[in-house]
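J.: Following the hints, position chain B against chain A.
Residue strings, one per chain:
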Amino acid sequence: MFLLTEQPIQPPLLKQSLLHHDCGGFASFEGWVRDWNEGRRVQSLLYESFEELALKEGEKVIEEARKRFPIRDVKAVHRTGHLELGEITIWIGVASRHREEAFMACRYAIDAIKARLPIWKKEFYLNGETAWVGCSHCSKLKQKNEATCTQ
Amino acid sequence: MTMDQRSYQLQYFAMLKEWAGVDKEEMSSSATTPRELYKELRDKRNFPLSDTELRVAINGDFTDFDHNLAEGDQIAFIPPVSGG
Numbered sequence: 001m002f003l004l005t006e007q008p009i010q011p012p013l014l015k016q017s018l019l020h021h022d023c024g025g026f027a028s029f030e031g032w033v034r035d036w037n038e039g040r041r042v043q044s045l046l047y048e049s050f051e052e053l054a055l056k057e058g059e060k061v062i063e064e065a066r067k068r069f070p071i072r073d074v075k076a077v078h079r080t081g082h083l084e085l086g087e088i089t090i091w092i093g094v095a096s097r098h099r100e101e102a103f104m105a106c107r108y109a110i111d112a113i114k115a116r117l118p119i120w121k122k123e124f125y126l127n128g129e130t131a132w133v134g135c136s137h138c139s140k141l142k143q144k145n146e147a148t149c150t151q
Numbered sequence: 001m002t003m004d005q006r007s008y009q010l011q012y013f014a015m016l017k018e019w020a021g022v023d024k025e026e027m028s029s030s031a032t033t034p035r036e037l038y039k040e041l042r043d044k045r046n047f048p049l050s051d052t053e054l055r056v057a058i059n060g061d062f063t064d065f066d067h068n069l070a071e072g073d074q075i076a077f078i079p080p081v082s083g084g
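Chains as they are written, first to last, in this note's numbering: chain A, 1 to 151; chain B, 1 to 84.
Chain A extracted, bound-state conformation (with noise of 0.2 Å):
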């Protein structure tokens, strides 16, 4: 299952719901936000999605883990809108019946979210500035003093 949600993240209740008697591991991975970014301070961050495509592509990662690697259940839920310093932006969690399944079943997931799933972050910065993460045109854009990433 995956899920998109503007609350924050919950993970005990999220751990409650995978576990099962027949498993004998649990593996989780937890997106925190940070207060640095590429040497700038940050002080929170916007997650933005195409809703509609992100939950598609959420459940193909989900049944794609399931399919690669022998475990009992996956569950995998993306946070969006206006997060704090040391929120959850994402939490995933695989429950298995041994652990090197489930480990790299969460490693798989994380990084097959953070490479295709149409969701962007925008980071608002200590100095008030603002930028969209792995956007390499807004510093040229500042430069030539168009429209630019930041406000």
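Incorrect hints may have been included.
What the hints assert, rightly or not - Think about it this way: if two alpha-carbon atoms lie no more than 27 Å apart in a straight line, the pair counts; the simulated DSSO-like pairs of lysine-lysine are:
#, chain 1, residue 1, chain 2, residue 2
1, B, Lys-24, A, Lys-114
2, A, Lys-114, A, Lys-60
3, B, Lys-44, A, Lys-56
Stated by the list, open to error - The calculated label-pair distances, taken between Cβ atoms and stated as ranges, are:
#, chain 1, residue 1, chain 2, residue 2, range
4, A, Trp-32, B, Asn-46, 29 to 39 Å
5, A, His-21, B, Glu-36, 53 to 63 Å
6, B, Gly-21, A, Glu-129, 14 to 24 Å
7, A, Arg-68, B, Asn-68, 26 to 36 Å
To be verified - Here are a few chain B residues that sit away from chain A, every Cβ distance over 12 Å (derived from the structure):
#, residue
8, Gln-11
9, Met-27
10, Asp-43
Rather than coming from a laboratory, the hints here were simulated on the basis of the structure.
Cβ coordinates follow ideal geometry from the N, Cα and C atoms, glycine included.
T.: Okay, now just chain B, sitting in the frame of chain A:
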């Protein structure tokens, strides 16, 4: 020679939305593929991203830039993603 004009529904996200100043718009064009449409759009709106930096989705599914467009298609050009 007359070129058939079709109407397309464009959706914008993240930096493209900020550059366009709107999150969606209707566009009439003779373009028959996303590649042709984006070229026209880039000229019109001065988007700095080239099509090699984008992905494209038609009616809510990823597709390729040479896909044949149909009247009324909902088209989203997907700028570089940064989820996770």
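J.: Please go over all the hints and tell whether each is borne out by the structure.
T.: Hint-by-hint comparison with the structure:
Between B/Lys-24 and A/Lys-114 the CA atoms are separated by roughly 25 Å; this keeps the pair inside 27 Å, and the hint holds. At most 27 Å may separate the alpha-carbon atoms for a hinted pair to count; A/Lys-114 and A/Lys-60 meet this at roughly 13 Å. For a cut-off of 27 Å, the pair hint linking B/Lys-44 to A/Lys-56 is broken: about 31 Å separates their Cα positions. The supplied range of 29 to 39 Å is met by A/Trp-32 and B/Asn-46, whose beta-carbon atoms lie about 36 Å from each other.
At about 57 Å, the beta-carbon gap between A/His-21 and B/Glu-36 stays in the expected band of 53 to 63 Å. The beta-carbon spacing between B/Gly-21 and A/Glu-129, approximately 20 Å, falls within the hinted interval of 14 to 24 Å. One distance hint, 26 to 36 Å for the beta-carbon pair A/Arg-68 and B/Asn-68, holds here, with the actual separation near 33 Å. The Cβ of B/Gln-11 does not lie farther than 12 Å from every Cβ of chain A; its closest approach is about 7 Å, which violates its non-interface assignment.
Taking the minimum C-beta to C-beta distance to chain A, about 18 Å, the non-interface status of B/Met-27 holds against the 12 Å cut. No Cβ of chain A approaches the Cβ of B/Asp-43 within 12 Å, the least distance being about 15 Å, so the stated non-interface status holds.
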